[in-house]
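Asker: Residue numbers (this note's numbering), protein chains in the order written: chain A, 1 to 349; chain B, 1 to 349.
No wet-lab data here; the hints were simulated from the structure.
Check before you lean on any hint, since a few could be wrong.
Identical copies go unnamed one by one, so any copy, or any two together, can satisfy a pair.
Said to hold, decoys possible - Here are the computed lysine-lysine pairs in the DSBU-like style, where the Cα-Cα straight-line distance is at most 35 Å:
hint, residue 1, residue 2
1, Lys130, Lys223
2, Lys148, Lys242
3, Lys342, Lys72
4, Lys348, Lys278
5, Lys55, Lys242
6, Lys47, Lys148
7, Lys342, Lys183
8, Lys278, Lys183
In this text, all values refer to a predicted model and were calculated from it rather than measured experimentally.
Number of protein chains: 2
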Amino acid sequence: MSLKLGILGATGKVGGELLKLLEQWSPSELDLAEPPRLFGTSRSAGKKIKFNSVKFPNTEITVQDSQPENLKGLDVLISCANGEVSEKLTPEAIRLGVKLVVDTDSFYRMDPEVPLVTVGANDEDIDWHKGIIAGPNCSTAQLIIPLKVLNDAFGIKRVVVNTYQSVSGAGKAAMDELMSQSKRVQESYEQSAGLQQIRVAEDQFAFNVIPKISKFLDNGYTKEEWKVITESRKMLHSPELKITCTAVRVPVLVGHSESINIEFLSSFNLNQVISVLKSSPEIQVWDHPEMYPMPVDAAGTNPIHVGRIRIDESAPNAINIWVVADNLLIGAALNAIRLVVKASERGKI
Amino acid sequence: MSLKLGILGATGKVGGELLKLLEQWSPSELDLAEPPRLFGTSRSAGKKIKFNSVKFPNTEITVQDSQPENLKGLDVLISCANGEVSEKLTPEAIRLGVKLVVDTDSFYRMDPEVPLVTVGANDEDIDWHKGIIAGPNCSTAQLIIPLKVLNDAFGIKRVVVNTYQSVSGAGKAAMDELMSQSKRVQESYEQSAGLQQIRVAEDQFAFNVIPKISKFLDNGYTKEEWKVITESRKMLHSPELKITCTAVRVPVLVGHSESINIEFLSSFNLNQVISVLKSSPEIQVWDHPEMYPMPVDAAGTNPIHVGRIRIDESAPNAINIWVVADNLLIGAALNAIRLVVKASERGKI
């Protein structure tokens, strides 16, 4: 099926990743009828963006203002815009005849009328979409695929997640801010050798860790932590899933890491766990005893890297694993394209 | 009691912190009979170090070669040397009449003949020393004080620890390396705006996290993680304590952070937990709902900062807390001096 595809929020960080992926995607997997149409704010409208794929070599695409009427004629719209834009434009797009909106934003994720899907974890939920499919939060995306295969194999009793999240999760401006803060810390460090910690900003990304991502809720969790909890429950179809999370920002550009402690309902041995993880095409297992994945390994790659797989004897049937992935890819752009491909394969566009 | 005090490894990072603390310490708490004697490698011997306290203003101390005969006449030796030096010199010091060696290194920590003590957690173990008292690993020190008071109040069933450890735990050279790597990453980032992750070293501290501190053991844990587990058990006098740990290096100069999930044996409410934590003079509780401690807050300060205290509903009687401390202080230098003071108060020097 040949698709007319549009991207809302095309000039942002995730939009850029999407375009790069679309350039590489083979037409046999995802056949575009025309170069992707790009939509942005009125400020970005008119901007020309290069696009170079096998089917559409050396193309130049002009960013259009994201007015509803411009969305007419599209089969699929991938939205990487923020909540407000998404809230307004998504129903408009469907009213105007767009057959599927894949939304990477959080606005529709917990809507019971909207499937929330990570391809590789719960593809079957694509089938009941009513026009919108939501993609998960980046920190949930890389968690849910290992959880899903392990849950199927051994049954999950409880999960404790700690995240080490890169600043690209907060956008391009945050990455620039990290770099500029880092420079200031370095200058102070060089000028005064005795200084051990240098404060250069109220919300300091550089040489610091911040145990708060997004705002606080009344129960003491942050919105980011609560997303991990509620989105995991929805995608595993397990509304009572026992899971807790602490989400922490670290001074890394791209690549989220997660330390995950899992208690299983049934017994297992380590080789079984490794086999189950290896059975997922989305997962790359690091099972050499001296090797472990890091953000610098995962950034720019498609797999979910799982390493440091070891028994935790502090509880019956428990393990620790360390999971690293490119948050812009699996956590947003890559999953969005996979959603379009899967929905097409399943005849749901 | 007026003490003759020596410092082994005086020119290292922890040695420097020790000297700064000794300058500030009031003679009423720790009365030195003479300026501290400083010992280093033959390479450091002869170096002159400034010392300026109320009792010994504007003093210059010459670093001596750490030969056993130079240790004669000391009452107390604080050793911040590495394992090999400590292994060799500590018994020599005692043979030569030094009444107490406080050793910050790991070599004697798990020796059943040597008490392992964090002041504020298990001071009573000072009383059975036979010449040596070991201080804990930095990541255990800031964990054990909150664990101890909470264990006394509610009984601990299980602990899951995830660390976010600064590079100063690996010494001054690692801090310089972090800074130099960071500079290289920044240059690449500026030169090529599209780059999202920049690799500048095999073992890259900068803009990366490393889920491996110290070497791997056969059970898949690192030595650092195993220290947290075994040292916690020893200091809590609970050889079967259910505890697991994942230790991760983050690009922070000074200040370790730990995300700690604790299941208790008995029920509690959050106010009780907060009161119990506040009852420890070593702990500073951050209980304002919008406030949380970070490494830039904790570096250079004495307290163990505890924040993000919240109920974890994924298990009965469970909480999450976030603990940040200056790893060079509570994790080494400050605890060492407190050990000398406490041993003196308890008549054990």
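Asker: Look at each hint and say if it fits the structure.
Answerer: Here is how each hint holds up against the structure:
1. Proximity of Lys130 to Lys223 under the C-alpha cut-off of 35 Å is restricted to the intra-copy arrangement: shortest distance 26 Å within a copy versus 52 Å between copies.
2. Within a single copy, Lys148 and Lys242 get their C-alpha atoms as close as 14 Å, and across copies as close as 27 Å, so both meet the 35 Å cut-off.
3. Taking identical chains as interchangeable, the C-alpha atoms of Lys342 and Lys72 lie at most 35 Å apart only when both belong to the same chain, with a minimum of 23 Å there against 77 Å between chains.
4. Taking CA atoms no more than 35 Å apart as the test, Lys348 paired with Lys278 passes inside one copy only; the shortest distance there is 29 Å, against 57 Å between copies.
5. For the homomeric pair Lys55 and Lys242, neither the shortest alpha-carbon distance inside one copy (47 Å) nor that between copies (58 Å) is at most 35 Å.
6. Neither within a single protomer nor between protomers do Lys47 and Lys148 lie at most 35 Å apart by alpha-carbon distance, with minima of 41 Å and 61 Å respectively.
7. Proximity of Lys342 to Lys183 under the C-alpha cut-off of 35 Å is found in neither arrangement, the shortest distances being 44 Å within a copy and 43 Å between copies.
8. Proximity of Lys278 to Lys183 under the C-alpha cut-off of 35 Å is found in neither arrangement, the shortest distances being 41 Å within a copy and 38 Å between copies.
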